[in-house]
Every structure is written in structure tokens, then in C-alpha cells.
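> Sequence:
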Amino acid sequence: MAGEIPPAQPPPGPPSRPLLWRWRRNPLRRRTDALQAWLGLGVLITVLAVAPVVAVLVADAARSHYEDTARHQRQTRYETDATLTEDAPRHPEPGSDEEKKTRYPVEVRVVTREGRTRATRTEVQPGLTAGNTVRLWITADGEAAEAPLTAREIRSRTMGWALVAAIGVVLTGAAAHALTGLALRRRNLARWDTAWAETAPRWTTPT
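For the sequence shown, the working numbering begins at 1 and goes up steadily by one.
Hints were generated in silico from the structure; no laboratory data involved. Do not take every clue at face value.
The calculated label-pair distances, taken between Cβ atoms and stated as ranges, are [what the hints assert, rightly or not]:
hint	residue 1	residue 2	range
1	HIS72	THR117	24 to 34 Å
2	GLU153	VAL53	24 to 34 Å
3	LYS101	ARG74	20 to 30 Å
4	THR133	VAL56	40 to 50 Å
5	HIS65	ASP141	18 to 28 Å
6	TYR104	VAL170	40 to 50 Å
7	LEU48	ASP87	55 to 65 Å
8	ARG116	ALA147	20 to 30 Å
9	LEU171	VAL56	11 to 21 Å
10	VAL54	GLU86	49 to 59 Å
11	VAL54	ARG90	47 to 57 Å
12	THR139	GLY42	46 to 56 Å
Each residue gets a CB set at the ideal place from its N, CA and C atoms; glycine is no exception.
Based on the sequences and whatever the hints tell you, model everything.
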């Protein structure tokens with residue numbers, strides 16, 4: 001239609017060096033470009049400073065938790081002999097590497113420290129027959145249980161939580177930077193539309 005203002009075109013994208021162009025002085029650089037660059041630097045410094053601290057704090061808390069857990073397990077569990085009351089299934093490929101790793105759940109009989117006989121279930125190697133004995137960790141009530149956490153397991157889990165914490169800080173920083181950049185971009189586009197609405201009539205001639 002005659003006299004209609006053409007739609008505003010978005011400003012050109014960043015030059016070939018996106019990591020440096022916001023820092024360079026040039027007529028096209030907006031105040032928000034410099035602000036975004038400084039915010040990005042601030043986020044980077046914050047992440048580099050906070051991530052190690054958070055990782056250490058989380059690692060210390062995790063180590064304390066797992067050490068307490070292991071101590072409680074050693075106090076409430078013990079290892080004893082258990083007798084199979086049924087045959088364990090045979091592996092379909094005897095002699096294979098998978099057979100050495102495979103375990104089947106079977107019922108076993110244990111005698112607690114109080115002299116009570118209890119039946120429980122545990123996983124054993126394939127092919128064991130009723131009457132065979134296996135070593136088993138049990139609770140005071142005679143229930144099968146996992147072995148207490150070892151020092152290596154505690155260290156591994158502690159390092160895992162420290163790594164998760166550090167990654168969480170990095171992801172939080174990246175998300176904050178992305179959201180800030182999105183808000184600044186929307187502000188730039190809004191100001192661009194406003195400026196174009198004021199400038200366009202001077203560049204168009206009614207027909």
C-alpha cells in the first residue's frame with residue numbers, strides 16, 4: 001500500500017571473529033554489545049571461581065556421608081557361609097566369559113549369630129547345586145545384604161558427586177549467559193523496530 005512503512009530488517013550478524021568483535025570499538029557496536037561481552041566475562045570468571053569451591057564442598061559432604069554409611073554397614077552386617085537349598089540355573093554357554101559374570105538368584109540357608117536358621121535369597125554363579133556353600137553378607141536378621149562400601153567405592157562416589165557439582169555450576173553459568181543474551185537481543189530488536197519506525201518515512205516516497 002502507498003505510504004506503508006516496509007518491515008524492519010534485523011541488523012547484520014557478528015563479524016567473522018565472534019569472540020572479539022564485541023570488544024572492538026566501531027560505529028556499529030551498541031552499548032548492549034559491550035554489556036553482553038562484560039557479562040560473558042563476568043560469568044566465565046564466576047564459574048571458574050565457584051566451580052572448584054562447590055566441587056570441594058560437595059565432595060566433602062559426600063565423603064562424610066559415605067564414610068558414615070560404610071561404618072554403619074560394618075556394624076550391622078557380617079559375612080558368613082550360606083548353603084544353597086536349590087540348584088542354580090546353568091548358563092546357556094558354559095565356559096564363556098559371560099558365564100563368569102552371570103549370577104542367578106537362588107534361595108540359601110544361613111545361621112545367624114544368635115543361632116537362628118533363616119532362608120534368604122542371593123545371587124550365585126551358574127551351575128551350583130543344592131548343598132553347596134557360598135560366602136554371603138547378611139544383616140543381624142539374616143537377610144542377604146551388599147558388602148560394606150570399600151575405601152575405593154567411597155572415593156569413586158565422592159569424585160562422582162564432585163564432578164556432578166562442578167558440571168552443575170558450569171551449566172548454570174551457561175544458562176544464565178544464554179538467558180541474558182536472549183534478553184539483550186530482544187531489547188536490541190525492539191529498539192531497532194522503534195528506530196526504523198522513525199526513520200522509514202524519510203526513506204519512502206508516497207506514490
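> Give a verdict on every hint.
Hint check results:
1. HIS72 - THR117: 24 to 34 Å: 26 Å Cβ-Cβ, so the 24 to 34 Å window holds.
2. GLU153 - VAL53: 24 to 34 Å: holds, 25 Å
3. LYS101 - ARG74: 20 to 30 Å: This hint holds: roughly 27 Å between Cβ atoms.
4. THR133 - VAL56: 40 to 50 Å: holds, 46 Å
5. HIS65 - ASP141: 18 to 28 Å: holds, 24 Å
6. TYR104 - VAL170: 40 to 50 Å: With a Cβ separation near 43 Å, TYR104 and VAL170 satisfy 40 to 50 Å, so the hint holds.
7. LEU48 - ASP87: 55 to 65 Å: holds, 60 Å
8. ARG116 - ALA147: 20 to 30 Å: holds, 22 Å
9. LEU171 - VAL56: 11 to 21 Å: Given a distance of about 18 Å, which is inside 11 to 21 Å, the answer is holds.
10. VAL54 - GLU86: 49 to 59 Å: At roughly 51 Å between Cβ atoms, GLU86 and VAL54 fall inside 49 to 59 Å, so the hint holds.
11. VAL54 - ARG90: 47 to 57 Å: Holds, since VAL54 and ARG90 (Cβ atoms, about 51 Å apart) stay within the stated range.
12. THR139 - GLY42: 46 to 56 Å: Holds, at about 53 Å.
Checked against the numbered hints listed earlier, the structure breaks none of them; every hint is satisfied.
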